[in-house]
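4 protein chains.
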Amino acid sequence: MNREMVGITVVSRDRKGIVATITNFVFTRGGNIENMNQNVVQGLFGMYVEASFQNLNIDSFDADLHQIATEEELDVNIYHTSSTQKNIAVLVTKERHCLDAILDAAATDGLHGKIAIVIGTQSTLQPHAEKAGIPFFVIPERDQGKAESQILALCKQYKVDLIVLARYMRILTPNLVWRYPRRIINIHPSLLPAFPGAYAYQQAFERGTKIVGVTSHYVTENLDQGPIILQESFHVDPTDTLDSIKARGQRLEAQTLTNAVKLHLNNSLEVHWRKVHIKKE
Amino acid sequence: MNREMVGITVVSRDRKGIVATITNFVFTRGGNIENMNQNVVQGLFGMYVEASFQNLNIDSFDADLHQIATEEELDVNIYHTSSTQKNIAVLVTKERHCLDAILDAAATDGLHGKIAIVIGTQSTLQPHAEKAGIPFFVIPERDQGKAESQILALCKQYKVDLIVLARYMRILTPNLVWRYPRRIINIHPSLLPAFPGAYAYQQAFERGTKIVGVTSHYVTENLDQGPIILQESFHVDPTDTLDSIKARGQRLEAQTLTNAVKLHLNNSLEVHWRKVHIKKE
Amino acid sequence: MNREMVGITVVSRDRKGIVATITNFVFTRGGNIENMNQNVVQGLFGMYVEASFQNLNIDSFDADLHQIATEEELDVNIYHTSSTQKNIAVLVTKERHCLDAILDAAATDGLHGKIAIVIGTQSTLQPHAEKAGIPFFVIPERDQGKAESQILALCKQYKVDLIVLARYMRILTPNLVWRYPRRIINIHPSLLPAFPGAYAYQQAFERGTKIVGVTSHYVTENLDQGPIILQESFHVDPTDTLDSIKARGQRLEAQTLTNAVKLHLNNSLEVHWRKVHIKKE
Amino acid sequence: MNREMVGITVVSRDRKGIVATITNFVFTRGGNIENMNQNVVQGLFGMYVEASFQNLNIDSFDADLHQIATEEELDVNIYHTSSTQKNIAVLVTKERHCLDAILDAAATDGLHGKIAIVIGTQSTLQPHAEKAGIPFFVIPERDQGKAESQILALCKQYKVDLIVLARYMRILTPNLVWRYPRRIINIHPSLLPAFPGAYAYQQAFERGTKIVGVTSHYVTENLDQGPIILQESFHVDPTDTLDSIKARGQRLEAQTLTNAVKLHLNNSLEVHWRKVHIKKE
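Chains as they are written, first to last, in the numbering used here: chain A, 1 to 281; chain B, 1 to 281; chain C, 1 to 281; chain D, 1 to 281.
Source of the hints: derived by calculation from the structure; they are not laboratory data. It should be emphasised that the depicted structure is a prediction, and the values quoted were computed from it without experimental measurement. Warning: the hint list may mix true and false statements.
Same chains, same names: a pair is fine if it fits in one copy or spans any two.
[To be verified] With a straight-line Cα cutoff of 20 Å, these simulated SDA-like cross-link-like pairs (lysine to any residue) come out: (1) Lys94 x Asp143; (2) Lys16 x Asn37; (3) Lys146 x Gln255; (4) Lys94 x Ser123; (5) Lys131 x Asp64; (6) Lys16 x Tyr48; (7) Lys146 x Val41; (8) Lys86 x Thr70; (9) Lys246 x Lys275; (10) Lys94 x Glu73; (11) Lys279 x Asp240; (12) Lys94 x Ala132; (13) Lys262 x Pro238; (14) Lys262 x Phe61; (15) Lys275 x Arg96; (16) Lys275 x Ser12; (17) Lys275 x Ser244; (18) Lys246 x His112; (19) Lys156 x His97; (20) Lys279 x Phe205.
Working from the sequences, and respecting the hints, build out all of it.
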């Protein structure tokens, strides 16, 4: 008796009745709600429902839900978990080490997924993507809302399942994060929760910590607070400078991000609340 | 077409399937889920569902849900919003000013509610309650979990609708907080979010703030983070000392807590996410 | 027996011996050290010494100290407190309300000081300064270190005693802050320590606080942490929107910043550690 | 031309003139001030001066300074750095692992110091000290100020040079901390700055971190913020529970604290601002 899991994300302006509308629909189709959360940030409402179904007619389910979405002016995405190859979008700015590691893993067939596109806030890393035969899109737009509209459009066009932030230097807004629940992986250059924010190596160096590390994690609407997938670290030597610490850290970033992405694509990760459990093969 | 609102709280050890069990029950009884949230803290699961029903047979609803709760080993409370007089439990430690103000308001018939019991971590304020003819219970138990079991038992016995923390000096655990969603009001001696914690006046004085204030708020499982109901403040004079600031603050605490309780009992408060809207009379 | 107060600031790369050099000099000239602090941020050393002297020959003191500074490669500024009219530099970005209030106060002779220059990160407010007959300099440089070099040069040229940040939207680095100890006044749109940072009104609105306010304070190298001079606040109405809160807040900002500047110029403020005492007239 | 280092700590009620008094004394005796800091916490003033001298007559210096201290009602301690064996006080509560490791190191002559006394907030670990032939004192006093008076008296009596906090569960006040600048070493069960406070393992476990660690550091008046000496860590296994994490952590605590104490006693540690440099042998 296999139940199929479906993920539904809803984003809309905040008003009453949305929860009832969506949950009623799920139940009338015989779904069990396994997990649900909602939040409002600056008047924007986001909701995620994970439901399990038996004998689901995917096409009519999707069509009917989208019909309701149109009538109710809700922005609804439906995600059916399947075992087909996953499409990946990698978001970058200018640091190359993480992108290169992921491109290498893809080239050597080490990823159970296909890198569909690379999106950069600038064109610096375009040659890297092109050399690997992957479309590169520059979205230099400074307004993050507008930039994300373009990113979402591309992700829709290329049927992206997983977004990988490879030292992408912007902060994603809830509007994008809510649409890819547990499907955005970031690498942060510290051992979270220490040193969140943009100056992690510098702050760790100033604080005089003797262990420095990196964290790969799923992205939620709370910056650097999502479930932690993997962490790696190294001891600071007396001869280390801020530059040598960054260099050592970057090697770990590339490694740790790639490994987290592999585990996700292998369906080895189970997230329960804020904790990630790595299933044995 | 009046729909009746029902609040269901569930507390249990964390396991799968609880959300589905409860939401399925609500839907099979014709309920619309208006609001839902869940959280896990240290392996303890808490869930709150607000659902609206038409033509609800309260007795059979409650009986059936409690039956399921027993079978599934869930600790379930059902709260039917009604307009009957509300029973209030006031929790205290040793400061008298807030308790006295609430007792006065009750005596002069200024509260649309009845103070059913006063519970103290010590017996200091017992005379105050007894003089007002209200049962006073001392729960000196140091272990907060055990203390809360006793508090919950008393609140159940006296059919308490609202818990008022009148300078009660312990930190409530999620196990109690989750059972009274939006039905626990606290007074904190600062203008939150500044100076959370136990030394608010002292910290404000040390920081050299020129405005000091108090905050009445609903209690959630995150300390001092619940929706703010009312805030009041005063300017610090050059001649103020820490003691004079505390004295001025305490008068405001008594006033602000009592006003917040009155607004709640008059059904004047509407909570949407983290913001409290005060409805005009 | 009147002792004259002298303030000495030293900024240099971090190395040993600086404290000894400066304090020895002060003592050989008969100075009493009343107050002293040092700090290092990212390899840059800053030190401030307040010393009192009797019968000080200002010219030879300054010349000899600058001689030592040159030999030791230290960046030294000497500030002699006097009662002559103070020169003020006002730093702005694009919001006009605070600048206008200060210009008005200066025009009506309400400031015991002269606004020597206005410096903007953009040219938006240039007409306001020019209309008042005050030189306006645009420093649009994005690199804050380079921008501050230009600011410091102008402040030196115009013999600036007090820097007023009138909704200036950059964060000053220690390199500038250390050179004007207790001589930089900022206005922050919240009741500090609540809501530090760039989105104060928005965060207060999201948090649902019922009291919103502003804080004028001396600037130190720790953002929004300096000694508080004045605070003012207002109650949030049910009908308030984020925009109406900003509008109400801005009127208070203009008022509170101007009043803080007046108190400073009148020598009415006494700072002891982190607390500001307002002396009665 | 060897200069001798002297450390002077002053604690008194906050008033003007203390800095001048002490620094003048240092200079009239030919001292160079190498380092100085002062702070006020809740009306209590603390100051530390590190000065270097040539040809210092220690006895007359100390006698004269204590004379001034008496006249000015200042609580002054003078610390002359020397190479004689250091006396150590170990402060404990009930956890045994750190105390045992330090006692072992002392027994095997692995410490360049002598454990003079062990002080416990309770008597639990008394047998451990007595078995090693070391005096054990119970100071169960709940009022931390009174407890610290007793601790300071014992440290004075036993001429203690270094205080080691071996899972001592109280928070030291500035009154004690200021008297042993860079001479109090603590072990904290997390990788600071992550998870400061009393529930580090539990919070790390709840947060789902994949790396857990410990930090040995010098104690300052800011809780868990002092210069970091050593850090060690381990990866969390999928099979780890909170208890297994604590067990693994405790072994690291014992090791890391003992190593930090050894480095300190070997004069291998150089503290510059907030960073600790480990000198090679």
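Checked against the structure, which of the hints given earlier come out wrong?
Of the numbered hints given earlier, those the structure breaks are 3, 5, 8, 10, 14, 15, 18, 19, listed in rising order.
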